[in-house]
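Visitor: Can you make the complete structure from the sequences, with help from the hints?
2 protein chains.
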Amino acid sequence: MPVRHADSVPREPVEPGRRTSRQVLIGPDEAPNFALRRFTMQPGGGIPAHTNTVEHEQYVLRGRAKIGIADEVVEVKPDDAVYIPVGVPHWYRVEGDEPFVFLCIVPNAPDKMELLGA
Amino acid sequence: MPVRHADSVPREPVEPGRRTSRQVLIGPDEAPNFALRRFTMQPGGGIPAHTNTVEHEQYVLRGRAKIGIADEVVEVKPDDAVYIPVGVPHWYRVEGDEPFVFLCIVPNAPDKMELLGA
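Order-wise, the sequence lines are chains H and C.
In this text, residue positions in the first sequence follow this note's numbering: the first is 12, and each later residue adds one.
In this text, residue positions in the second sequence follow this note's numbering: the first is 12, and each later residue adds one.
FYI, nobody ran anything at the bench for these hints, they're computed from the structure.
Model, not experiment: these values are computed from the prediction.
Keep in mind that a hint or two might mislead.
For chains that are exact copies, the list does not tell them apart, and a pair is met inside one copy or across any two.
[Claimed, not checked] Calculated pairs, SDA-like style, for lysine to any residue (alpha carbon to alpha carbon, straight line, at most 20 angstroms):
#1 Lys77 to Val14
#2 Lys123 to Glu26
#3 Lys123 to Arg73
#4 Lys88 to Arg73
Guide: Laid out in structure tokens, this is it:
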């Protein structure tokens, strides 16, 4: 690929997300160091608190959400950049009645996701 | 930072770009593996043909442009993902009368940009 329109990329459901799907726009089999993915969370959706063994660099494209990062809760909107370091607990909850859409870039490394208790 | 609004990040001119600026949204001093930058090219702007020693993963946010990648020319629009491997000649030219805005993620590695002859 040199170019791929995001809307043409298949969506896969994200567990344990609610109403959340992921599209791999540039995958670990296509580029050597990191993968570009797009997440869409429908209204009412989100992902409960968890940790990962890879860091996340994110960019909000559309919609609004609350994101918990460690002990902080931030409300994000389009054109916000978000950084979640390795091992830091985080969660997502869509705000409002529009889908929340964001890019999430992760290194090409094994990720172990661990859900945290309620 | 957990969150940073892109519009609050200073712009630096990109040489040898024309009417082109760069904002470092998440820099190599903040995250271990790759940097998230946003480029804005005003109408009439672009970057001439060159190579880099780091790959680019890109996502178009606004506007339209023609991008030359190796021997191919593609016209890109919002929500297009673009991959430019290490060492592949590429150039950018804004199309239309709106700014062309895109994200460009690169690994945290030294980059040597080499301009190519006209």
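Visitor: For each hint, tell me whether it holds in the structure or not.
Guide: Verification of the supplied hints:
When the C-alpha separation of Lys77 and Val14 is checked against a cutoff of 20 angstroms, the pair qualifies only between copies, where the shortest distance is 11 angstroms, while the shortest distance within a copy is 31 angstroms. Taking the shortest alpha-carbon separations for Lys123 and Glu26, only the intra-copy value of 13 angstroms comes in at or below 20 angstroms, while the best inter-copy value is 41 angstroms. Taking the shortest alpha-carbon separations for Lys123 and Arg73, neither the intra-copy value of 27 angstroms nor the inter-copy value of 34 angstroms comes in at or below 20 angstroms. Proximity of Lys88 to Arg73 under the C-alpha cut-off of 20 angstroms is found in both arrangements, the shortest distances being 7 angstroms within a copy and 16 angstroms between copies.
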